[in-house]
Amino acid sequence: MEVEISPELAEICGIHAGDGYLRGPNKRAELDISGGLEEKEYYDIHVVPLFAKTFGIELKAREFPSRRTYGFVIRDKAVIAKMHSLGFPYGKKTLTVKVPEQVLRSKNLDVIYGFLRGLFDTDGTLSFRKRGGSGYNEVLKKRHTYPLIRLRVCSKNLRDGVGQLLMRTGFQFTFSHHKSNGQNNESFGLALDGDMNAFLWMYNLGFKNPLKANRFLIWKKHGFNPPWLTFKQEKEILDGKTNPHDYYTEKLSDEAGVLPRLVKRRLDLIQSLETLTFQNQAGLQ
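Start counting the sequence shown at 1; every next residue gets the next number (full-length UniProt numbering).
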């Protein structure tokens, strides 16, 4: 009888699908997990403790200067065998990686959420765009207010598997296919756009990666989020040391109070989600 995969192991699978590399099966067998240098806090505070506790091993992350990444290498044979048994191949996985069958078959929403969170924390993006067209207020045309949660990968199987998981969770999303002109390179995209998707994501899954979580917090507080912020700049805005409007050369006059209304509407939406959750929990008791 197959043992149900835990939410923690499912999240590890998502992290590996995004940032991992499995070498083996030989004397150099190892699991390599690493991300960008700005993700140090994400690795130290969340990824390392998650792997250490789930697998019962001692682990410490470090910088890899030659490739400008931050992460760790695991050479424990039991860990490597476990990851391989879940369907992850040895060697390059870019074109072949997919959602593990145990995650696809799981009826536990926490397992599904765990995998999605791990994958989007590492390989997904959270960004915001300006609105265009004559029907939008000038404020919406000058500030990045519209949330975009995106995933773009080279494995169609992975993208399609993520779509199967999302269909079971109530998210609205679209697929896309991208092919470089004159090249064989192609990628497969998935988009969850709009306020409702952003709030459902943060309420049900959240981002453990501060780079992405901070963007959401800035957007929720100020009604918009400037593009291309560094981790340091995000923290300065959240700490009140910097005004997010300062990152725009285009000055803004918001006499109509569009941004405050956006903030209030989003806070009302959060309260509605919390009320609905409380009512559902009360009904189960």
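Honestly, the hints are just simulated from the structure, not real lab data. There may be inaccurate statements among the hints.
Cross-link-like lysine-lysine pairs, in silico, DSBU-like; alpha carbons within 35 Å at most [to be verified]:
#1 LYS142 x LYS27
#2 LYS251 x LYS141
#3 LYS27 x LYS40
#4 LYS40 x LYS77
#5 LYS60 x LYS264
#6 LYS142 x LYS264
#7 LYS53 x LYS142
#8 LYS77 x LYS141
DEER-style ranges, computed between Cβ atoms [as the list claims (entries may be wrong)]:
#9 GLN271 x PHE64: 36 to 46 Å
#10 SER272 x GLY133: 25 to 35 Å
#11 LYS27 x GLY240: 49 to 59 Å
Backbone N, C-alpha and C define an ideal beta-carbon position, used for all residues, glycine too.
Evaluation of the provided hints:
1. Of the pairs offered as hints, the one joining LYS142 and LYS27 is violated, with about 56 Å between alpha carbons and a cut-off of 35 Å exceeded.
2. Restraint check: the Cα-Cα separation between LYS251 and LYS141 comes to about 12 Å, which is no more than 35 Å; the hinted pair holds.
3. Between LYS27 and LYS40, the direct Cα distance comes to roughly 29 Å. Compliance with the 35 Å bound is thereby established for this hinted pair.
4. Simply put, LYS40 and LYS77 have alpha-carbon atoms about 26 Å apart, close enough for the 35 Å limit, and the pair holds.
5. At most 35 Å may separate the alpha-carbon atoms for a hinted pair to count; LYS60 and LYS264 exceed this at roughly 42 Å.
6. Simply put, LYS142 and LYS264 have alpha-carbon atoms about 20 Å apart, close enough for the 35 Å limit, and the pair holds.
7. Between the alpha carbons of LYS53 and LYS142 the distance comes to roughly 46 Å, so the proposed pair goes past 35 Å and is violated.
8. Note on LYS77 and LYS141: the hinted pairing is violated, with a Cα-Cα distance of about 54 Å set against a maximum of 35 Å.
9. For the hinted restraint 36 to 46 Å between GLN271 and PHE64, the CB-CB distance of approximately 44 Å keeps it satisfied.
10. A beta carbon spacing of about 28 Å between SER272 and GLY133 agrees with the range 25 to 35 Å that was offered as a hint.
11. For LYS27 and GLY240, the Cβ-Cβ distance of about 53 Å falls inside the hinted range of 49 to 59 Å, so the restraint holds.
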